[in-house]
Amino acid sequence: MRWLVRGAVAAAVLAGLLGLARVIEGGLMEYAQRVLLLAGINVILAVGLNLINGTTGQFSIGHAGFMAVGAYTCAWVGQHLAPGVAGAVGAGAIADAISLNAALVSGAVTAALAGVIVGVPSLRLKGDYLAIVTLGFGEIIRIVFNNWKALGGATGYSGEDPAGLPAWTTLFWVYAWVVVIITVVRNVTFSQTGRSLIAIREDEVAAEAMATPTTRLKVVAFVLSAAAAGVAGGLFAHLQAGIRPEDFRLEKSIDMIVMIIVGGLGSITGAVVGGVFMAVALELMRDLEEYRLVLYALLLILIMILRPEGLFGSRELSFGWLRRKARGGEPAS
Amino acid sequence: MSQLLQQIVNGLSLGSIYALIALGYTMVYGILKLINFAHSEVFMVGAYAGYFAATWLGIESMEAAGQAFPLYLAVGVLLVAMASSAALGMAIERLAYRPVRNAPRLTPLITAIGVSLLLQNLGLLVFGPNPRRYPPVLKEVTYELGGVVLTNVKVTIFVVTLLLMVGLQLLVHRTWTGKAMRAVSVNLDAAKLMGIDTNRTIAATFGIGSALAAAGGILFGLDQITINPLMGVLTGLKAFVAAVLGGIGNVPGAMLGGLLIGLSEQLVAGYVSPDYRDAITFLVLIAILIFRPEGLLGVVRQEKV
Chain A
1 MRWLVRGAVA AAVLAGLLGL ARVIEGGLME YAQRVLLLAG INVILAVGLN
51 LINGTTGQFS IGHAGFMAVG AYTCAWVGQH LAPGVAGAVG AGAIADAISL
101 NAALVSGAVT AALAGVIVGV PSLRLKGDYL AIVTLGFGEI IRIVFNNWKA
151 LGGATGYSGE DPAGLPAWTT LFWVYAWVVV IITVVRNVTF SQTGRSLIAI
201 REDEVAAEAM ATPTTRLKVV AFVLSAAAAG VAGGLFAHLQ AGIRPEDFRL
251 EKSIDMIVMI IVGGLGSITG AVVGGVFMAV ALELMRDLEE YRLVLYALLL
301 ILIMILRPEG LFGSRELSFG WLRRKARGGE PAS
Chain B
1 MSQLLQQIVN GLSLGSIYAL IALGYTMVYG ILKLINFAHS EVFMVGAYAG
51 YFAATWLGIE SMEAAGQAFP LYLAVGVLLV AMASSAALGM AIERLAYRPV
101 RNAPRLTPLI TAIGVSLLLQ NLGLLVFGPN PRRYPPVLKE VTYELGGVVL
151 TNVKVTIFVV TLLLMVGLQL LVHRTWTGKA MRAVSVNLDA AKLMGIDTNR
201 TIAATFGIGS ALAAAGGILF GLDQITINPL MGVLTGLKAF VAAVLGGIGN
251 VPGAMLGGLL IGLSEQLVAG YVSPDYRDAI TFLVLIAILI FRPEGLLGVV
301 RQEKV
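Which chain is which? The protein sequence lines are A and B, in order.
To convert, note that position 255 of the first sequence is 255 in our numbering; the numbers rise steadily by one, no gaps.
To convert, note that position 29 of the second sequence is 29 in our numbering; the numbers rise steadily by one, no gaps.
Think of the hints as simulated: they come from the structure by calculation, not from any bench.
Accuracy of the hints is not assured; some may be wrong.
Unchecked claim - Mimicking SDA-like on lysine to any residue, the simulated pairs with C-alpha atoms at most 25 Å apart in a straight line are:
#1 Lys33(B) / Ala206(A)
#2 Lys126(A) / Asp203(A)
#3 Lys126(A) / Thr107(B)
#4 Lys126(A) / Pro293(B)
These figures come from a predicted structure and were not determined experimentally.
Next comes chain B alone, as it looks inside the complex (with noise of 0.2 Å):
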């Protein structure tokens, strides 16, 4: 029992991670239709960000002195790894995107593989292949609850993760730029002749998005302890399996979708095999794809002719 509980606890903070991931390309698949293959390398570099700032904010020294880092600082590199996803999310968009975005589909998935393949070995190139240790921006404390280990790292995770997202419903439904994203994502030539600036809630979605993998990327890098360029590759497969799951284009679906990844993958993984861990994955997106392709949460489209 105590063992199937604490699966439980790490698949749920684990999917807490693979739901901020999620949320980015459920975002941009929802008003593009395109399926962000560059957001896992967004979500690699969020997490270097972090580590960068941490380190120029001298958590190695304090660390070496015993002292804690303070929550402040912890927040500000929270806020800086954020903002250079952001920054390069929209980066991304502005310089490859836009100029496929009216092509035949197959156009700008392609192009995404491209930047993903290109971030990917920048990443390689510039902060070197070797994994590196992901700094304590939290310091760990454990709990025990009837057996169970619970840290603060896990519940911190979890936590961040609800704040955002509810952060994110608010934003979504409660001020201007979130209707203008509503109503692109409905028909975007029709939201052109509304007089939104379709290009700017564009890159407002892709800002937004990619500030959200970058906090998935940090949360990650604590809970993972290490962190390394392909970091994006498998945790971003797994982030986009969980948006399809949810129902692609609905946040709430995310959220969803992440937690039902998260837990899945524990338990296969506990009781199951560690080997066959990323394969249920691939198999719940088979199963959901074939049986049901517009998602738990998601709404059934007629196609047209």
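Extracted from the complex, chain A is given alone in its bound form (with noise of 0.2 Å):
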């Protein structure tokens, strides 16, 4: 019966976005639709590092890095994938379709199989030690991914054809993998695996001492928020027309900090909001131009100085939440 439930309200969903898809692609601006579809690959990459940054408290600087392999591989893949597809469904929306999500998942794979390269041996270290690590893992991907040149290097990577990567990144996708993210990520928070997660954040050798097997739930977080960036990348990729290694330098993963900052470590709601934040403020901040990055940098700052648990701190924002407010109740803490 549950499941039933569950089943019905995914579909729900499902057919509310792509309801929503189609009214947003024939009424806004390509514009507006770029900025949208921007901020929801900042929320799945900023759900997916919150993860591990947020709630298992293990910092992690390099996510550029799992971002960057998950792009490469959905470009790939999708590359060599598509002729396949188009050729056994005939071209068009379906096999589009087919061949994107087909991507996504192997770059889901290879983020999570570079997460368990870089995590195993990292996740020892603690703090400091551990961004700086991650930070270090992040560089190398960027270097090896600019010296290997069969996807192109320095230049990067666009594909076969000279229009670049096909633009199969619409709202719809988008927006059906910022649900499946989230819903991960929150079933994860929520579950046993979370309360470990959130106790080995709060004090990791107090957890180990009651049978918490720290190590390997570090490592399972981590390989999920990368797998989570995998995807982000994939669907960046494909928004692109091409990809370059310059695309994923440590900028990038400060970027995604900085979301999961603004909305506040911890929460998924937060990381929702911080990612859309990030996506629409630089954008209203264009005009500013060269001064853009200088107040994003005093931003941060002044974030960390007046406001260090960022927006929502680790609240979450709940039906169950949104209903004791309405009864006029206390509210969760």
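Fit chain to chain and form the complex, with the hints in mind.
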């Protein structure tokens, strides 16, 4: 029965998304659509990164590397899969959807594998040291792509077609993946595993004393978060027509961190808000040109000094909270 | 053989610059347990301060007239750059780090990333994104010893670094400020109880570290010919790796780490592939953190509950 209800909810959400995407695509300027697409990709990045940086408290500043792995894999697989799929089901929206999603899944898998390779040795370290090792791995991944001749090297990869990678990233698919990632991360966070992750964040030694398999859980959270970055990378690749190693520099990792910090470390709601905020704020500030990044950095410093817990802290916006609010009861803390 | 010697010479001079910058990281980390990401931008500003000082002193007209830049003016340029970076470093500490000093560990780290981004973008705005040719504060003279090309610039880099290191070592071990710095790095609260002005000591640490970075900036400009507002990013990261390699918080360790990073980078560029020259630094970092996180000269600390 429960599964039936859940299935119905999922179907309703997807149908709603499809309808909404149609309306928006019909009614909005291309420019506003692009901001929405970027916002969705940001949300995937932020919600994924929040699982390791916020919930588990293990700071990674190298997630741009996993995004790069996902982006390159997805772009490459998409290129090699599309002709076969188009041959089997006929070229069109359905073939594109199949190719895109298969490529995204492969991107998520390779990013997760990269997450295992990076995470298993690094997660023995803590705090600043972990941060700096993930930074190192992120840079190494970028340098490898920079020198990978078959994938275009420093000029980047844009497939065989001179027009670049196919523009498969549509509003519907971006937000469908947003729903998937948020659901997965939410369910992990509110499960026993999630509680253990929070325990690791609060006091790792105590958690270990309570027989929590800290290293294993940290790797699990890290890998999930890398996979989410991989999906975001894949969507980003098919939005850009081409990807370059330059797109995945340290700055990209810092952008992701700013998103989850603006919203509040450890809050999924906060990560969503932060991701959207980042896309919209950077667009709104576009006219300021070179002052934009100066303001962006100032904003980051001011948030840290004045409100280090971010907008939401570790609070969540949930239906239960809304219901209690409506009844006029005490809001959950 | 002469090629190997050449790589070693280049590696040592590059490594000296890393070592100078690494000192700033290591001193601040030793006292505040903070990775001062903005240090790489202090290094960049130091290089620019030297550039503007030398230009203001009329180095261009002297160069056009074929005159060498007098040595006392070169020393003056170095001092101006060191003073301006020291002021910048202390200002950063006062305005950005002091308000978050007692916050959870990650807050200062992110603040530091923010300050670093801010200075990079201000640098792009104020100095312009184009690289500038560094004025020849020191006229280059080339010697050849058995197939190895040695320039007075490379020798100067090594000598200046060595002098500054010795000076720092004396300062840390022979003066009251140095003693206060060591005390604060062992235990900040206990140092405060013993009547040490911890705020002043921390400010002094930032000032000294930043001045050394500025010296590194000028030497970098002399060595690499051009400077740009983003020059600190990669160089700073490598210097940080050098600090970790030598044992963070350890002054002689920073020197050792810097030289090792400089050498390994040159050797990889010469014998493996120049494309992977930057990757080797990060590989060294990862290896050292995983196998010996306390660094080569660091002390193992037991984790207490």
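_Tell me if the straight-line CA distance from Lys126(A) to Pro293(B) falls inside 25 Å._
holds, 10 Å
_Pair hint outcome, Lys126(A) versus Thr107(B) [Cα-Cα no greater than 25 Å]_ = Distance of about 15 Å is within 25 Å: holds.
*Regarding the pair Lys126(A) and Asp203(A), is the alpha-carbon distance no greater than 25 Å?*
Satisfied, since the Cα-Cα distance of roughly 12 Å is no more than 25 Å.
*Hint consistency between Lys33(B) and Ala206(A) [alpha-carbon to alpha-carbon, up to 25 Å]*: Roughly 23 Å separates the two Cα atoms, so the pair holds.
Checked against the numbered hints given earlier, this structure breaks none of them.
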